[in-house]
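Asker: Chains as they are written, first to last, in our numbering: chain A, 396 to 731; chain B, 15 to 93.
Wrong hints could be hidden among the right ones.
[As the list claims (entries may be wrong)] Under the rule of at most 30 Å between Cα atoms (straight-line distance), these lysine-lysine pairs were calculated in the DSS-like manner:
| id | chain 1 | residue 1 | chain 2 | residue 2 |
| --- | --- | --- | --- | --- |
| 1 | A | Lys612 | B | Lys91 |
| 2 | A | Lys702 | B | Lys50 |
| 3 | A | Lys612 | B | Lys82 |
Honestly, the hints are just simulated from the structure, not real lab data.
Residues per chain are reported as follows:
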Amino acid sequence: MTGMRKIAGTGVALTAGAALYVFLQPAAVGLTAMLPLRGHLRDAAAFFLFEAPKVLLLLAVIVFAMGMVRSYFSAERTRALLSGRREGVGNVLAACLGIVTPFCSCSAVPLFVGFLTAGVPLGVTFSFLITAPMVNEIALGLLLALFGWKVAAIYLIFGLGIGIAAGWVIGRLHLEGWLENWVRNLRAAPAVSSEKSISFADRIDAGIQAVSDIVGKTWPYVLAGIAVGAFIHGYVPEGLMAAVMGKSAWWSVPAAVALGIPMYSSAAATIPIAEALLAKGAAMGTVLAFMMSVTALSLPEFVILRKVLSLKLIAVFAATVGFGILLTGYVFNLMF
Amino acid sequence: MKDVKVLGSGCKRCQDTAAMVQAEAAKLGVAIAFEKVFDMAAIAGYGVAATPAIVIDGKVVHAGGLPKSEDVAQWLKEN
Numbered sequence: 396m397t398g399m400r401k402i403a404g405t406g407v408a409l410t411a412g413a414a415l416y417v418f419l420q421p422a423a424v425g426l427t428a429m430l431p432l433r434g435h436l437r438d439a440a441a442f443f444l445f446e447a448p449k450v451l452l453l454l455a456v457i458v459f460a461m462g463m464v465r466s467y468f469s470a471e472r473t474r475a476l477l478s479g480r481r482e483g484v485g486n487v488l489a490a491c492l493g494i495v496t497p498f499c500s501c502s503a504v505p506l507f508v509g510f511l512t513a514g515v516p517l518g519v520t521f522s523f524l525i526t527a528p529m530v531n532e533i534a535l536g537l538l539l540a541l542f543g544w545k546v547a548a549i550y551l552i553f554g555l556g557i558g559i560a561a562g563w564v565i566g567r568l569h570l571e572g573w574l575e576n577w578v579r580n581l582r583a584a585p586a587v588s589s590e591k592s593i594s595f596a597d598r599i600d601a602g603i604q605a606v607s608d609i610v611g612k613t614w615p616y617v618l619a620g621i622a623v624g625a626f627i628h629g630y631v632p633e634g635l636m637a638a639v640m641g642k643s644a645w646w647s648v649p650a651a652v653a654l655g656i657p658m659y660s661s662a663a664a665t666i667p668i669a670e671a672l673l674a675k676g677a678a679m680g681t682v683l684a685f686m687m688s689v690t691a692l693s694l695p696e697f698v699i700l701r702k703v704l705s706l707k708l709i710a711v712f713a714a715t716v717g718f719g720i721l722l723t724g725y726v727f728n729l730m731f
Numbered sequence: 015m016k017d018v019k020v021l022g023s024g025c026k027r028c029q030d031t032a033a034m035v036q037a038e039a040a041k042l043g044v045a046i047a048f049e050k051v052f053d054m055a056a057i058a059g060y061g062v063a064a065t066p067a068i069v070i071d072g073k074v075v076h077a078g079g080l081p082k083s084e085d086v087a088q089w090l091k092e093n
């Protein structure tokens, strides 16, 4: 397929998606009316029939857009931008790049080591490593579409803030001695880049690839998340969530963070659950703290990082990020 | 004989890349000495920051993500 045809095809697909999106609400209402259901089950079914196509459609569009954006960045290019940066500016830049640089947790160790050997300071490396999973670009897109720009902006600002501050603190503490021995003994390696010129049509391919990769893999979890959301919507009484996850329950924020640590789920699956919890009176800060904890504090990632970091350094890392998330939860609950 | 190494942590993508390189080499009839490198210190020594990465005769041709099979064929022919 030629480049122009590819661009035109993408335009047609996006327009069709937008048209479909408009018809989701009446279609879901019509479908629910035809089902021989009543009461709680009917409420749950209505939620599922409307949310499932809506979230999947939004997810596909967001993942496509992010796949294209990410094709402009690579771990090598980010490293070149960060190497030799001073703390402060470096932390801010690292946190911002953490959002858009393609990164999978199985690459965490080579990335960490690759950054350090190229002369990126430890604290700056941490700013990147914290923000990359915490400010999930897909969660950001979904929050924007479902909860509005204010919530999305605050999620972004607090996520970046935690990454910058935690990385800066770790840098100031001079914890280089807490790296594993073999990492400290590495000599600086010449940074290589495997950059080649990429055409706009290739970037569209990257977007499509991201959709088949991410949506193709996570849709069952997203549907499961929507099913849990539907159950909450239909069966959980109004007052219960307000009592357990409401603003007045001060302990709910730390509980939400603790609950999130052993869980490692895609952000896309947690958002329909968050939507249903919010509608039942859960506080926004508590729900966001849970989401951030699920994505940023994950046990599997700590196990991977154990190869390069001592337990003490992992503890400092987890404590700083955990404290930031707690703060976000409380501040959010005060504001909304 | 080309010396081809796939650097990776052993994740799914790294395994897929290794399999793709071997399949492409067999298809093209290019003789290769193939090796998977898991040692992180060695990987860092090549200067890559993202895995899977492909090294042909000591030169890094790819780093990060699953490569396209056409590109793999191209690298095997060129280098």
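Asker: Give a verdict on every hint.
Answerer: Each hint, compared with the structure:
1. Lys612(A) <-> Lys91(B): Roughly 33 Å between the alpha carbons, so the hint for Lys612(A) and Lys91(B) is violated.
2. Lys702(A) <-> Lys50(B): 19 Å, holds
3. Lys612(A) <-> Lys82(B): This hinted pair holds, its Cα atoms lying about 19 Å apart.
Hint 1 from the list above is the single one not met by this structure.
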